[in-house]
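Asks: Since the structure of chain A is already known, use the hints to place chains B and C on it.
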Amino acid sequence: MSLALIAALPFLGALLPGLAIRAGRNACAASAGSVTLLALILLALKVPTVLAGGVVHTRVDWLPALGLNANFMLDGLGLLFALMILGIGLLIILYARFYLETTDPMGQFYVFLMLFQGAMLGIVLSDNILLLLIFWELTSLSSFLLIGYWKHLPEGRQGARMALAVTGGGGLFLIAGLLILGGIVGSYDLTMILAQKDAIQASDWYLPALILILLGAFTKSAQFPFHFWLPHAMAAPTPVSAYLHSATMVKAGIYLMARLWPVLAGTPEWFWIVATAGLVTMVLGAGIAFFKDDLKAVLAFSTVSHLGLITMLLGFGTKAAATVAVFHIINHATFKAALFMSAGIVDHAAHTRDLSRLGGLRKLMPVTFGIVLLASLSMAGIPPLNGFLSKELMLEEAAHTTWISPWAMGLLATTGALFSVAYSFRLLAHGFLGPPRTDYPAMPHDPGAGLWSAPAFLVLLVVLIGVFPMATAAWLVDAAAGAVTGQPVAVEIHHWHGLGSAALWMSLTATGGGLLMLGAFPRLRAVWGAAPRPEAKRLFDGLIEPLAAAARSLTGLVHNGSFNRAVAVAVLAIAGVSLWAFLGGSHAAGTRSLLPVDFTSLSVWGLMVAAALATPFLHRDRVVALLLTGVVGLLIAPLFAVFSAPDLALTQISVEVVTILLMLLALHFLPRTTPAESTFPRRLADAGIAAIAGLGIGWLAWAMLTRQPAFAPISHFHLAQSKPGAGGTNAVNTIIVDFRGYDTYGEIIVLGIAALVIFALSETLLRSPAVTRRLANLPRPREDGDRHPMMLVVATRFLLPMALMVGVYVYLRGHNLPGGGFVAGLVFAIAYLMQYMASGYEWSQARQRHDHHVLIGWGVLIASLCGVGAWVAGLPFLTSGFDYVHLWPLEEFELATAAIFDLGVFLCVLGAVLLALASLSRLALRTGEAPNTRPFDIDPAMRDR
Amino acid sequence: MEALLASLIGVLTFTGVYLLLRQRTFPVILGLTFLSYAVNLFLFAAGRLVVNAAPIIGRSQTYADPLPQALVLTAIVISFGMTAVMMILAVGGHLASGHDRVNTGDEPTEDAG
Amino acid sequence: MMGHWIIAPVVLPAIVAGLMIILLRGSLRLQRLASVASIVALNGIAIALLWAATIHGPEAYHLGNWPAPFGIVLVLDRLSALMVALLSALALAVVLYTIGSRWDQKGAHFHPLLQFLLMGIAGAFLTGDAFNLFVFFEVLLIASYGLMVHAGGAARTRVAVQYVGFNLIGSALFLIALALVYGVTGTLNMADLAVKLPDLPEGDVALIRVAAVMLILVFAIKGALVPLQFWLPGTYANAPGVVAAMFAVMTKIGAYATLRVGTLVFPPDLPATGDLLSTLLFPASLVTLAVGAIGVLGATTLPRLAAFGGIASMGTAFLALSAFTPQTTVAALYYILHATLATALLFLVSDLVTRRRAHARLDQATAPIAGSGLIASLYLVAAIAMAGMPPLSGFIGKLLILDAFRDQAPLVWTVILVSSFLMILGFARAGSTLFWKPADSEAPPADHPPEAFCMTATFGLIAGLALLTIFAGPVTDWLATLADALDQPTGYIEANRLGQEP
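Chains as they are written, first to last, in this note's numbering: chain A, 1 to 945; chain B, 1001 to 1113; chain C, 2001 to 2502.
Bear in mind the hints are in silico, worked out from the structure with no lab data behind them. Some hints could be false.
[Claimed, not checked] Using 30 Å as the maximum straight-line C-alpha spacing, the simulated DSSO-like pairs for lysine-lysine come out as follows: (1) Lys723/A <-> Lys2196/C; (2) Lys292/A <-> Lys2196/C; (3) Lys2196/C <-> Lys537/A.
[Stated by the list, open to error] Ranges of calculated distance between the beta carbons of each label pair, as one might list FRET restraints: (4) Gly2491/C <-> Val623/A: 56 to 62 Å; (5) Gly266/A <-> Leu2411/C: 28 to 34 Å; (6) Ala712/A <-> Ile2055/C: 54 to 60 Å; (7) Pro724/A <-> Thr2054/C: 36 to 42 Å; (8) Leu583/A <-> Ile2047/C: 44 to 50 Å; (9) Pro2474/C <-> Ala712/A: 28 to 34 Å; (10) Asp2275/C <-> Gly542/A: 53 to 59 Å; (11) Ile404/A <-> Pro2474/C: 33 to 39 Å; (12) Val55/A <-> Asp2477/C: 28 to 34 Å; (13) Lys723/A <-> Pro2474/C: 52 to 58 Å; (14) Asn1103/B <-> Ala531/A: 54 to 60 Å; (15) Glu269/A <-> Thr2054/C: 46 to 52 Å; (16) Leu804/A <-> Ile2055/C: 33 to 39 Å.
C-beta atoms are modelled at their ideal positions from N, C-alpha and C, and glycine is treated no differently.
So here's chain A without its partners, still in its complex pose (with noise of 0.2 Å):
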């Protein structure tokens, strides 16, 4: 359990220092302190066992079914890198204690370190490469939220997405080479992975697999041509560059190519990508830190040459080579580290990092000096610091490969070396050395003991494991390289190779160049000045910012909010696929024999199809188009009357009558015509795409009408039972309310639901100032002659109580015959309708004392109720029982439990419809119209005046 506990503790801890910042500034770091701190004595536990070539596990069982297991485990790699994780992570948290500014949110700052650190310690300790990954892209997310920790630096921002986009985006490339990865083996477990040598590089997969790994590594890792976006990340804070760009982050990808190096290295493909990619990196990186002036981004220029190096020596692919690599990634994390926090100490101090703005701090900031003088030496690799050591190594190494030509490698490695020794010494003159200036921003000095003990101690490192290597690092070399080979490894490191060593030639040109190139330096500065080079941020800015301005682009484009267009193409899928589909069936013509027409049919048929096709013609007038839609729609009755279905052509009526009642009142709310917009060729367009849908669907009915069912119909059973079962002998009512009363159950509701929706928005609209403006602005209606004519409102007061009667009959009669609660409740529906119409909204209004909610809420209740009751008998929701009535003067009915489910049904479209009706008159009281109070506009008590 403990290899987890350790990679879990920063996550643990990374809550700490949130709350701790409550309790100070000192609370909040030692919080983050200690708990690094404890994962590194646990870690330290764990050493003897390591060293004795052992290897911890711990097994987690997680997502076995998809291989990704919480496995962590601990060999010499995993240690080596652990320990710089926890150990720099540590100085680095008691660096920023004090470096960072009583106005910096200080616990924010640990929380997102700590959430790293605990990344980082997981990619390192992870034993399942897809944990590793989950790993691998927090440590993109968490180093995000670090590089952007100052929000109000634009630099930040761009250098936090940048970090994010590049590092995020590779470890997308890691994910594909992963997976593929384990896929050969058949295991995602590094274990597993790591014996299958021979399998992995037979496979064909192998390449890919490579190639997106190491697409994964150098992206992460910053090396060509994806080094760009480390140098942005300086915008960060320093203890953040210091801890991302020596020690960890960039290192991640170093550790998944030592990682990965037992089964990907030794074949041509990774020698020529990695060590290709290493040199270029390390050359090109070391010569561009030569040029730089801020300290910062000569380090970080350097960390880049740096990290070029350490991959240029692992894809050589030798044992000898990995075990340099290792050497060099604890020496480059030392000074580096060191030299990091000393430049941040300068910037403190002195209030700017710029190189050509310094110089003299040797006498100023002797300290500091002390620290930078031995950190950058190493770098340059002078004897006897530890980065010498690993230089020699590197370059005895590279003396020895063959890479193009035989002496090519070398050659260009000591070029490196060159422009390293340069930079180094650069950094030294230009910052420290010569006489102290009169202009500096604000006066140097050295910090106190809290910023400057985390540099010294590592520069203490450097000098230590620089003159006794086997006794301070050899034990780590040999555990890791040991790791890396998984060859057993006993490293000799020593200072002096006699005379015959090509690598102490190779430094000391190295040395001597690289003097020679800074006494030089102001004419070389003038030439890379004139020179034209790439800048990368313009370059990566030249790639994103278009991409984004497409998308923006593009989907404004595609999403432009037109109706018309997604109907069209709705459509126009629809009528494709559908056609598709079909012609890769077989289709026989149906044998069903046809019935003859008969002139009724036929001239209902003429009637409808002339008033269908007139519409498109007449659309603009509005009230014309409705009474054509009317028209259309009520002569659909006759229809459904020939073929044998009186229920639906009672329904169509009513439902029709009330559709266009109400949409007559609704148009008073909108404009009476329809302005012509299309242009004809769209008009003609539209038409195509109408008669296409207008074919498709025909062609479906006439495929339809025209064959037998390929099964009995399961409604012979709905005959069957329509009497006996469900005690009604009108089967269509009887399926309603009964069999499928479950389907009225919610087509009521949905009516209900639509007069909800209608007073709500009614609701909506009348509380909006606008709105009720426009409605007072609204044109009055016409007032040629009375608006309420008297023998229309004579009927309708007559008709009332007769539609009530009818509707009560029509509803107690529905069981057996054409009727039911539906077309009941449309009939009094109606009945209060024809009121409105007559009388106007205000004087019906004004006599409607009841809530129409309470008619709709009721309606749901009662059928909801009727359908719980059945519970009551054991039975199931909306069963129904029934008895025999016989009740003058109407013939004799049945009572069925079915009957008050009618009831509940009879009461939502009662409810519904008025309830709408109400809404729109609450609007039309808002309109130019003038209220009237009488019940019709000619007062017959007048006349005789």
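Replies: Just chains B and C now, with coordinates in the frame of chain A:
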């Protein structure tokens, strides 16, 4: 007779879709209404065409398939509710924005509440 | 055996809504109380149903005590139970957020409509009858119309017209498809169809294939699958934040119905349709994912960004569905669980931001918002979830899908990974403008009352995502059993007891 109904369904669909492609809300609503006419008839057609066979037990020898009729009944009611909602939305849109165009520009959310 | 409880998720909200309309119209407080109570109860019922489905396997509820296929049946199986549970969990978060943000004050009838929406969705998940599925689609749709236009406003109302109009076309298509199904087979019960369709005469194959694709297209409209997605961005971006969050589950209904129909009624081994559905869904879903990802990068406002994130997630979900194999189904369902919570979370967070911000645009900054630290981290979590980055369940879902589509790796992996990249870019850009970029005018953050309920809701969703991540193993194992049951739906069919007395 079948041909008549099929062609009628086709024509109603045609008118419906054509009106759906207009740029104002009212014709669009009428289009939806026509579409629902066509669809209801189509659903009705699933029971095939029979004359003088109303599915009322004891009134005739053969019965038309009652199930599609019941389904159409449900469909009619639902489309009635939908049309009503669509209507009030159109009214609301017109009152709130001063015009009754159906296409919206790619404007950002007008208000978050 | 659950018996009557199976229909409780449908009847309970309906009765509560009815009572609200009759008795509680006067008092919003009481309505809130009733709403929360009903949803809490719904959660309890959902858990019980989940448990029963796990223990006893599929169980049918014969409405009106009529035998299937003549009456309507509800069928409880792992899938329907899971979806109902997901629904009620989401509803709890949404209702809490609604109360906290006072969205329900901004218009009439929010809570009754919400209850009816739950009723409709639950009904759609539970029904075993094709036409009844249509009916409950309409119930949930019309409720959603009301919620979408809640609180009014010109832009919102006009977009609502489009939303309703487009969905009415979908409903029309649904009816045509059902008419074809009944006209050809003479039945509507899905299990009955599963039994009968293999014996379909050769001559009827073409028509049933048309019916099949039409059904899938209807579901594709709900699921916003390209080219039927045009309605979604406007609708979701203009709907009230809470409603958009609730809609996160509505797109999933399209996915659910596709899965149900594609495994039960038109399974890949059905001669008549074969791989028809896969051939249709696979390319469409890839394009949908791309369109969504590009939209995330190109969105002009935060709510639109969230909406396009939703589209991308639907593309991913349908992609995983399209293969209709047990392995891909597990990946699909796991991803659907994740995407529902994640999308809802993103919409809630976007509502938290937009209600505090002067405007929702992403191209210019505003004065820092109140409590920006907390809200920024909430945004970060939501973005991580939506982009499918670790450590949240989105990443695991993505891994499952990538792993399941090894054989089509070059195409599928490329699309998924490239879209992830675009989304990471999009979320990062939006986030840094929203929370980092200082406004030109350094006005002090407008004071905004702390909303305990809102935070509870958002943190609840986050907790859900975390649990989904931590228990990925057990969850996927449970889903594997579910997927096998879908692959061999004999249990589901037997539960219907076709033709026998219920």
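Asks: Would you mind marking each hint as holding or not holding in the structure?
Replies: Hints and how they fare:
Our distance criterion of 30 Å between C-alpha atoms is met by Lys723/A and Lys2196/C, whose separation comes to about 28 Å. A hinted pair counts as satisfied when its Cα atoms are at most 30 Å apart, and Lys292/A with Lys2196/C does not qualify at roughly 78 Å. With a CA separation close to 65 Å, the supplied pair Lys2196/C and Lys537/A exceeds the 30 Å bound. Checked against the given bound of 56 to 62 Å, the beta carbons of Gly2491/C and Val623/A, roughly 58 Å apart, stay inside it.
Against the hinted window of 28 to 34 Å, the Cβ-Cβ separation of Gly266/A and Leu2411/C comes to about 32 Å, which satisfies the hint. Roughly 37 Å separates the CB atoms of Ala712/A and Ile2055/C, a value that falls outside the hinted 54 to 60 Å. One distance hint, 36 to 42 Å for the beta-carbon pair Pro724/A and Thr2054/C, holds here, with the actual separation near 40 Å. Under the hint 44 to 50 Å, the C-beta atoms of Leu583/A and Ile2047/C, about 48 Å apart, fit the expected range.
In this structure the hint that Pro2474/C and Ala712/A lie 28 to 34 Å apart at CB is violated, the actual value being about 46 Å. Checked against the given bound of 53 to 59 Å, the beta carbons of Asp2275/C and Gly542/A, roughly 44 Å apart, lie outside it. Taken as a hint, the range 33 to 39 Å is violated for the pair Ile404/A and Pro2474/C, whose Cβ atoms sit roughly 56 Å apart. For the pair Val55/A and Asp2477/C, the beta carbons lie near 30 Å from each other, so the given range of 28 to 34 Å is met.
For the pair Lys723/A and Pro2474/C, the supplied restraint of 52 to 58 Å holds, since their beta-carbon distance comes to about 54 Å. Checked against the given bound of 54 to 60 Å, the beta carbons of Asn1103/B and Ala531/A, roughly 55 Å apart, stay inside it. For the hinted restraint 46 to 52 Å between Glu269/A and Thr2054/C, the CB-CB distance of approximately 50 Å keeps it satisfied. Distance hint check: the CB atoms of Leu804/A and Ile2055/C are about 54 Å apart, inconsistent with the given range 33 to 39 Å.
Figure legend: structure checked against the earlier numbered hints; hints not met, in rising order: 2, 3, 6, 9, 10, 11 and 16.
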